[in-house]
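Engineer: Next come the chains, spelled out residue by residue.
There are 2 protein chains.
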Amino acid sequence: METTIKPRSGTAFILRKGQRLKVIDPEGEQVSDIYCFNLDNKEEFLSSGRSLDYNESVAFGKGSKLYSNQSNIMLEIVEDTVERHDFLLTPCSKDTFRHFYPDEEPVPGCYGNLVHAFSEFNIPEHYVGTTFNIFMNVEIDKNGGISVLPPTSKAGDYTTFEAKMDLIVGLTACSAGESNNFKYKPIHYSVLDPL
Amino acid sequence: METTIKPRSGTAFILRKGQRLKVIDPEGEQVSDIYCFNLDNKEEFLSSGRSLDYNESVAFGKGSKLYSNQSNIMLEIVEDTVERHDFLLTPCSKDTFRHFYPDEEPVPGCYGNLVHAFSEFNIPEHYVGTTFNIFMNVEIDKNGGISVLPPTSKAGDYTTFEAKMDLIVGLTACSAGESNNFKYKPIHYSVLDPL
Chain A
1 METTIKPRSG TAFILRKGQR LKVIDPEGEQ VSDIYCFNLD NKEEFLSSGR SLDYNESVAF
61 GKGSKLYSNQ SNIMLEIVED TVERHDFLLT PCSKDTFRHF YPDEEPVPGC YGNLVHAFSE
121 FNIPEHYVGT TFNIFMNVEI DKNGGISVLP PTSKAGDYTT FEAKMDLIVG LTACSAGESN
181 NFKYKPIHYS VLDPL
Chain B
1 METTIKPRSG TAFILRKGQR LKVIDPEGEQ VSDIYCFNLD NKEEFLSSGR SLDYNESVAF
61 GKGSKLYSNQ SNIMLEIVED TVERHDFLLT PCSKDTFRHF YPDEEPVPGC YGNLVHAFSE
121 FNIPEHYVGT TFNIFMNVEI DKNGGISVLP PTSKAGDYTT FEAKMDLIVG LTACSAGESN
181 NFKYKPIHYS VLDPL
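Those protein sequence lines, which keep their order, are chains A and B.
Everything in the first sequence is counted per the UniProt record's numbering, starting at 1 for the first residue and increasing by one.
Everything in the second sequence is counted per the UniProt record's numbering, starting at 1 for the first residue and increasing by one.
Derived from the structure by calculation, the hints contain no laboratory data.
Careful: at least some of the hints might be erroneous.
Identical copies carry no separate label here, and so any pair may be met within one copy or between two of them.
[What the hints assert, rightly or not] Calculated cross-link-like contacts (lysine-lysine; reagent style DSS-like; alpha-carbon spacing at most 27 angstroms):
1. K94 / K42
2. K142 / K185
3. K65 / K183
4. K185 / K62
5. K62 / K142
6. K164 / K185
7. K183 / K42
8. K42 / K142
9. K154 / K17
10. K164 / K94
11. K65 / K154
12. K142 / K17
13. K94 / K142
14. K62 / K17
15. K62 / K154
16. K42 / K164
17. K185 / K17
18. K183 / K164
19. K183 / K17
20. K154 / K42
21. K6 / K142
22. K65 / K22
23. K185 / K42
24. K17 / K94
25. K142 / K164
26. K65 / K94
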């Protein structure tokens, strides 16, 4: 059964060790930010720095592992029809809207939506760090310059993660214009029991 | 007056708004990791994701600003004779030693040294995130692969940061072999009052 995350919103839920989370881009060119906590220890959470270090690459795809701040594997990518994601950039937020789109009314963004969703699990705001940005297409040029391009994901494309510990997972349909080719679309997901 | 950080160690100290921190590589090819907290609110700390996002580059040098998780500028680079640093990778730690150097006895590394130094300010371990790695030379190839190369810093090279708020700063002489061309050297620093 697929659950819909409405455009520019987010949710949080428990994902048990061995369960798989399939994140689907139903219309194409839509980013979804993911962040997670160890269900049994909220001081253990996803770490971009540890994951980039152990992955020895900024490119993530099938077989890539996402690590916690305690160097444990939280999620592994087990299926991926896109193989183009980002783990450098902060989730969009009121602050990023003010910075990049000063003429627009700022919205909570993925950060605000995740903070709200995680608050149901009594997780404080400052525990929410840099997200893994599924389907986000970030290019680094030879001088180190970062560009955000439209996602390469087409309608129906998906990435599936397997939980390596019991987790609280937060997941969004991203709110930032540039990241989503300036159209705000939903994200679908399904939780699959262990094979 | 220059203070010495002995090889494979770290320290923490208060840096007031407007003060400048000059970090010197006295022998060359030595990395120094820096992390910081808002002195008045320890829930506000350095964020690699926010800094990469607002900097729109993985390359940092004179004029670059380092942001907090609350999107405020904590430090600005005001002098830089090296212009080659890293903000992608986690500080070295017992876990990274186990991962990358499984045949060696693991040492606390920059992470352990920072956690210890910050504990004097009652900062909990899990608040210590991805450091800005001064003089660390990280190359990203066209496929996204990350390589750690010897620093380009020569004896006497330095980078100076100006504090944009009152800070608790942690600073190390890095402990990882590959990052420092396999020789563990000291780091010098001095705190300069506002111009």
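Engineer: Is it within, between, both, or neither for K62 and K17, if the alpha carbons may be no more than 27 angstroms apart?
Structural biologist: within (18 angstroms within a copy, 46 angstroms between copies)
Engineer: Please sort K183 with K164 into within, between, both or neither, judging by C-alpha distance up to 27 angstroms.
Structural biologist: Answer is neither; intra-copy 34 angstroms and inter-copy 37 angstroms both fail.
Engineer: Taking 27 angstroms as the upper bound on the Cα-Cα distance, should K62 and K154 be classified as within, between, both, or neither?
Structural biologist: within (17 angstroms within a copy, 40 angstroms between copies)
Engineer: With 27 angstroms as the alpha-carbon cut-off, assign the pair K42 and K142 to within, between, both or neither.
Structural biologist: Neither, since 38 angstroms and 36 angstroms both go past 27 angstroms.
Engineer: When no copy is named, should K65 and K22 be tagged within, between, both, or neither for a Cα gap of at most 27 angstroms?
Structural biologist: Cα proximity of K65 and K22: one copy only (15 angstroms, versus 37 angstroms across).
Engineer: Go through the copies and call it for K94 and K42: within, between, both or neither, with a Cα cutoff of 27 angstroms.
Structural biologist: both (25 angstroms within a copy, 21 angstroms between copies)
Engineer: With identical chains treated as interchangeable, where does the CA-CA distance between K164 and K94 reach 27 angstroms or less: within a copy, between copies, both, or neither?
Structural biologist: Classified as between; 21 angstroms across copies, 32 angstroms inside a copy.
Engineer: Reference check for the pair K142 and K164, CA-CA at most 27 angstroms: within, between, both, or neither?
Structural biologist: neither (35 angstroms within a copy, 30 angstroms between copies)
Engineer: Given a CA cutoff of 27 angstroms, do K185 and K62 count as a within-copy pair, a between-copy pair, both, or neither?
Structural biologist: within (24 angstroms within a copy, 39 angstroms between copies)
Engineer: Is it within, between, both or neither when you check K94 against K142 at 27 angstroms Cα-Cα?
Structural biologist: So K94 and K142 fail the 27 angstroms test inside a copy (30 angstroms) and across (33 angstroms) alike.
Engineer: At most 27 angstroms between alpha carbons: which applies to K62 and K142, within, between, both or neither?
Structural biologist: The answer is both: 26 angstroms in one copy and 19 angstroms across copies each meet 27 angstroms.
Engineer: Between copies, within a copy, both or neither: which fits K183 and K42 at Cα up to 27 angstroms?
Structural biologist: neither (34 angstroms within a copy, 37 angstroms between copies)
Hint compliance for this structure: hints 2, 3, 6, 7, 8, 9, 12, 13, 17, 18, 19, 20, 21, 23, 25 are broken, all remaining hints hold.
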